[in-house]
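Asker: Listed below are the residues making up each chain.
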Amino acid sequence: MVKKGARKITLSIGDGANDVSMIQAAHVGIGISGMEGMQAVMASDFAIAQFRYLADLLLVHGRWSYLRICKVVIYFFYKNLTFTLTQFWFTFQTGFSGQRFYDDWFQSLYNVIFTALPVIIVGLFDKDVSSSLSKKYPELYMEGIKNVFFKWKVVAIWAFFSVYQSLIFFYFVSTTNLRKIFGLWDVSTMAFTCVVITVNLRLLMICNSITRWHYISVGGSILAWFIFIFIYSGISTPYDRQENIYFVIYVLMSTFYFYIMLLLVPAAALFCDFVYQGVQRWFFPYDYQIIQEMHRDEVDNTGRAQLLEVGNQLTPAEARSYAISQLPRELSKHTGFAFDSPGYESFFAAQLGVYAPPKAWDVARRASMRSKPKIGHKK
Amino acid sequence: MATSTAGSSDPSTTRRQSKKPKYSKFTQQELPACKPILTPRAVISAFLIVTIVFVPIGVASLIASHDVVEIIDRYDAECIPSNVTDKVAYIQTPGEKPCKRELHVEKRMKSPIYVYYQLDNFYQNHRRYVKSRNDDQLRDSGKANSVSGCEPEDDANGMPIVPCGLIAWSLFNDTYSFSRNSNNLTVNKKGISWKSDREHKFGSDVFPKNFQNGSIIGGGHLDVNIPLSEQEDLIVWMRTAALPTFRKLYGKIEVDLEKGDVIQVNLGNNYNTYSFSGKKKLVLSTTSWLGGKNDFLGIAYLTVGGLSFFLVLAFTIIYLIKPRQLGDPSYLSWNRNPGGH
Numbered sequence: 001m002v003k004k005g006a007r008k009i010t011l012s013i014g015d016g017a018n019d020v021s022m023i024q025a026a027h028v029g030i031g032i033s034g035m036e037g038m039q040a041v042m043a044s045d046f047a048i049a050q051f052r053y054l055a056d057l058l059l060v061h062g063r064w065s066y067l068r069i070c071k072v073v074i075y076f077f078y079k080n081l082t083f084t085l086t087q088f089w090f091t092f093q094t095g096f097s098g099q100r101f102y103d104d105w106f107q108s109l110y111n112v113i114f115t116a117l118p119v120i121i122v123g124l125f126d127k128d129v130s131s132s133l134s135k136k137y138p139e140l141y142m143e144g145i146k147n148v149f150f151k152w153k154v155v156a157i158w159a160f161f162s163v164y165q166s167l168i169f170f171y172f173v174s175t176t177n178l179r180k181i182f183g184l185w186d187v188s189t190m191a192f193t194c195v196v197i198t199v200n201l202r203l204l205m206i207c208n209s210i211t212r213w214h215y216i217s218v219g220g221s222i223l224a225w226f227i228f229i230f231i232y233s234g235i236s237t238p239y240d241r242q243e244n245i246y247f248v249i250y251v252l253m254s255t256f257y258f259y260i261m262l263l264l265v266p267a268a269a270l271f272c273d274f275v276y277q278g279v280q281r282w283f284f285p286y287d288y289q290i291i292q293e294m295h296r297d298e299v300d301n302t303g304r305a306q307l308l309e310v311g312n313q314l315t316p317a318e319a320r321s322y323a324i325s326q327l328p329r330e331l332s333k334h335t336g337f338a339f340d341s342p343g344y345e346s347f348f349a350a351q352l353g354v355y356a357p358p359k360a361w362d363v364a365r366r367a368s369m370r371s372k373p374k375i376g377h378k379k
Numbered sequence: 001m002a003t004s005t006a007g008s009s010d011p012s013t014t015r016r017q018s019k020k021p022k023y024s025k026f027t028q029q030e031l032p033a034c035k036p037i038l039t040p041r042a043v044i045s046a047f048l049i050v051t052i053v054f055v056p057i058g059v060a061s062l063i064a065s066h067d068v069v070e071i072i073d074r075y076d077a078e079c080i081p082s083n084v085t086d087k088v089a090y091i092q093t094p095g096e097k098p099c100k101r102e103l104h105v106e107k108r109m110k111s112p113i114y115v116y117y118q119l120d121n122f123y124q125n126h127r128r129y130v131k132s133r134n135d136d137q138l139r140d141s142g143k144a145n146s147v148s149g150c151e152p153e154d155d156a157n158g159m160p161i162v163p164c165g166l167i168a169w170s171l172f173n174d175t176y177s178f179s180r181n182s183n184n185l186t187v188n189k190k191g192i193s194w195k196s197d198r199e200h201k202f203g204s205d206v207f208p209k210n211f212q213n214g215s216i217i218g219g220g221h222l223d224v225n226i227p228l229s230e231q232e233d234l235i236v237w238m239r240t241a242a243l244p245t246f247r248k249l250y251g252k253i254e255v256d257l258e259k260g261d262v263i264q265v266n267l268g269n270n271y272n273t274y275s276f277s278g279k280k281k282l283v284l285s286t287t288s289w290l291g292g293k294n295d296f297l298g299i300a301y302l303t304v305g306g307l308s309f310f311l312v313l314a315f316t317i318i319y320l321i322k323p324r325q326l327g328d329p330s331y332l333s334w335n336r337n338p339g340g341h
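So the sequences go chain by chain: G and A. FYI, the numbering for the first sequence is 1 to 379, going by the UniProt record's numbering. FYI, the numbering for the second sequence is 1 to 341, going by the UniProt record's numbering.
Quick caveat, the hints were computed from the structure, so don't treat them as lab data. Fair warning: there could be bad hints in the mix.
[Claimed, not checked] Only pairs whose alpha carbons sit at most 25 angstroms apart, straight line, appear in this in silico BS3-like list of lysine-lysine:
1. Lys-20(A) / Lys-107(A)
2. Lys-4(G) / Lys-151(G)
3. Lys-189(A) / Lys-252(A)
4. Lys-110(A) / Lys-293(A)
5. Lys-135(G) / Lys-35(A)
6. Lys-189(A) / Lys-110(A)
7. Lys-135(G) / Lys-20(A)
8. Lys-20(A) / Lys-35(A)
9. Lys-25(A) / Lys-135(G)
10. Lys-100(A) / Lys-281(A)
11. Lys-136(G) / Lys-107(A)
12. Lys-136(G) / Lys-248(A)
[Said to hold, decoys possible] Reference excerpt, derived from the structure (chain G facing chain A, CB under 7 angstroms, subset only):
13. Ala-47
14. Gln-50
15. Thr-84
16. Gln-87
17. Thr-91
18. Ser-97
19. Thr-175
20. Ile-210
21. Ala-224
22. Phe-247
23. Asp-287
24. Glu-293
25. Ala-364
[Stated by the list, open to error] Facing chain A, according to a computed beta carbon distance under 10 angstroms, are these residues of chain G, among others:
26. Ile-48
27. Tyr-53
28. Gly-62
29. Asn-80
30. Gly-95
31. Phe-101
32. Asn-147
33. Phe-150
34. Ser-174
35. Gly-183
36. Asp-186
37. Ser-209
38. Asn-244
39. Thr-255
40. Leu-264
The beta-carbon is built from N, C-alpha and C at its ideal position, and this holds for glycine as well.
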């Protein structure tokens with residue numbers, strides 16, 4: 001009803017076999033693996049071990065996941081758009097004959113080697129705020145609900161900067177006037193070098209948290225490009241086609257022009273992006289940016305320890321019942337009890353001949369239920 | 001009390017019961033990270049650094065470019081005798097078509113002075129043109145017969161053409177000779193091509209064969225006694241240009257030219273650019289550490305540097321007038337409009 005009528009994204013959570021249909025019907029189904037068995041888990045999209053992990057799943061990991069997916073997708077479109085548009089401006093200069101600007105190998109390896117790894121690293125590790133802050137400010141979740149990071153406006157701005165950057169790449173690089181005569185493949189190698197360096201640096205600009213893997217992957221991609229072009233320019237095979245990249249990079253690197261261009265072009269290309277980011281952050285900040293600033297001086301203590309260490313939060317009585325539940329047993333685990341219900345421990349304890357005292361809250365609950373009609377509870 | 005901490009005293013039971021995956025900072029996403037925040041101070045400093053680096057480089061580039069002296073002379077229209085109406089027919093008539101031009105040196109030019117020819121509206125980057133060559137043949141005398149890709153200039157009268165293809169066929173063949181006050185200025189035509197081309201791409205045992213023997217002559221002829229690795233005009237021409245307006249090196253003059261000199265140019269106007277309204281220009285240019293005359297680099301650097309300086313001022317002023325406190329919770333969207341969602 002909520003799904004079809006109110007047209008919202010629905011999430012359902014359950015742990016038993018009777019929850020399976022609910023889990024399947026919702027957009028996001030979460031199963032809790034535990035004493036009720038694994039049916040809910042097998043039917044679900046996500047499985048967690050305890051109900052309290054739901055907060056983390058939504059507010060921390062779900063939110064990060066949304067942020068990361070937006071960044072990865074938009075960056076992917078941006079880098080390919082930039083690369084392709086640089087070629088596009090070239091077609092106007094070739095009499096529209098369709099001559100390629102870049103060498104075949106450059107084009108093929110662009111997405112595979114020279115720009116692939118950094119975006120994967122961002123997709124894995126990018127965090128806008130730490131996990132404890134994500135739970136402290138659950139209002140940050142609204143960013144996902146309102147689709148703040150992937151609106152058409154955001155995409156249009158990235159596309160606009162992509163067009164601007166491609167114009168810079170093509171026109172700055174093609175105004176050469178040198179002692180050594182440069183041909184088509186020399187200009188295109190220069191342009192390609194600038195493109196690879198710029199898109200990798202642009203990735204660093206959109207990261208909220210930069211780990212050493214970011215540095216390794218960005219530096220590695222740029223290094224991979226140079227290693228590739230050194231090797232490719234150094235060999236001349238019998239299979240050379242029209243592209244004559246032989247010795248191009250060595251000649252390029254022997255000119256001052258190469259280094260001057262390498263300093264100017266990425267800086268000019270990223271200039272507008274930097275201005276935009278500065279202005280956006282200053283005058284129109286997102287909520288997560290404010291929170292980043294509020295907590296900028298705090299050490300990022302992780303919430304992981306609190307999650308996985310069950311012993312941290314249990315009272316002695318609870319610890320004892322947990323210990324009882326860990327006792328080895330050869331009997332069936334499928335009792336139909338939700339874990340942590342009183343019947344759970346006394347059932348197993350009774351099977352092993354151990355006395356498990358009733359919990360205070362359970363006694364109180366049953367006492368209060370005597371006056372109510374029995375609704376088919378288990379004991 | 002059995003718990004599931006790693007390294008407890010009862011490893012066998014905990015390992016059996018605990019399904020906790022091995023902890024690693026990578027998989028738990030707890031890698032130490034630097035979290036850069038673009039504070040106003042960082043923005044202003046970044047732009048200040050850009051200004052400090054770019055403006056001097058821009059000034060240096062512009063100075064270098066202004067030191068370069070360049071003489072450009074367009075001669076294709078002027079070198080047709082005035083009584084000729086059909087330019088294309090004129091240029092296609094065999095024989096010498098000499099033309100005399102005069103160049104005035106405005107500023108002292110220090111040697112080496114590079115002599116270029118510049119062509120406008122000539123699409124060396126056309127797709128059919130760029131692929132019309134065969135590198136095997138150029139490099140290896142044993143592969144003289146491999147002419148694939150060179151159509152339609154692959155063979156003539158049944159014999160393969162060396163070097164084949166449209167690029168070689170359209171070789172530029174205007175000639176220039178210079179004299180000053182009736183003294184000849186020698187033009188050094190050695191070393192004008194890339195060394196790697198001479199040594200590796202064009203074989204020293206490959207000789208032109210059957211070249212420009214077809215019915216349509218596209219450009220210059222080649223001396224059959226000189227191997228390709230020494231035919232530097234051909235090598236320079238075959239490095240196809242990126243844009244339709246391009247310059248190629250013709251040679252070097254290795255004496256200084258003084259201010260006020262008048263250089264007489266005897267040029268042979270052989271190359272047909274008239275059928276496609278191309279332009280031909282003769283360029284004499286000195287060079288600097290940056291290359292030829294290229295104001296663009298200096299201007300680009302100064303523009304970026306100037307814009308960053310302007311932004312430094314703008315941001316500083318805005319920061320002083322209307323500062324936003326870093327980490328001010330009142331900017332959170334739920335604090336700004338509490339009922340607004």
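Asker: State for each hint whether it applies.
Answerer: Hints versus structure:
no.	hint	in the structure
1	Lys-20(A) / Lys-107(A)	violated, 81 angstroms
2	Lys-4(G) / Lys-151(G)	holds, 24 angstroms
3	Lys-189(A) / Lys-252(A)	holds, 7 angstroms
4	Lys-110(A) / Lys-293(A)	holds, 14 angstroms
5	Lys-135(G) / Lys-35(A)	holds, 19 angstroms
6	Lys-189(A) / Lys-110(A)	holds, 18 angstroms
7	Lys-135(G) / Lys-20(A)	holds, 23 angstroms
8	Lys-20(A) / Lys-35(A)	violated, 29 angstroms
9	Lys-25(A) / Lys-135(G)	holds, 21 angstroms
10	Lys-100(A) / Lys-281(A)	holds, 14 angstroms
11	Lys-136(G) / Lys-107(A)	violated, 73 angstroms
12	Lys-136(G) / Lys-248(A)	violated, 67 angstroms
13	Ala-47	violated, 12 angstroms
14	Gln-50	violated, 13 angstroms
15	Thr-84	violated, 17 angstroms
16	Gln-87	violated, 12 angstroms
17	Thr-91	violated, 10 angstroms
18	Ser-97	holds, 4 angstroms
19	Thr-175	holds, 4 angstroms
20	Ile-210	holds, 5 angstroms
21	Ala-224	violated, 22 angstroms
22	Phe-247	holds, 4 angstroms
23	Asp-287	holds, 5 angstroms
24	Glu-293	holds, 4 angstroms
25	Ala-364	violated, 27 angstroms
26	Ile-48	violated, 13 angstroms
27	Tyr-53	violated, 14 angstroms
28	Gly-62	violated, 14 angstroms
29	Asn-80	violated, 22 angstroms
30	Gly-95	holds, 5 angstroms
31	Phe-101	holds, 9 angstroms
32	Asn-147	violated, 14 angstroms
33	Phe-150	violated, 18 angstroms
34	Ser-174	holds, 6 angstroms
35	Gly-183	holds, 4 angstroms
36	Asp-186	holds, 8 angstroms
37	Ser-209	holds, 4 angstroms
38	Asn-244	holds, 7 angstroms
39	Thr-255	holds, 7 angstroms
40	Leu-264	holds, 6 angstroms
Hint compliance for this structure: hints 1, 8, 11, 12, 13, 14, 15, 16, 17, 21, 25, 26, 27, 28, 29, 32, 33 are not met, and every other hint is.
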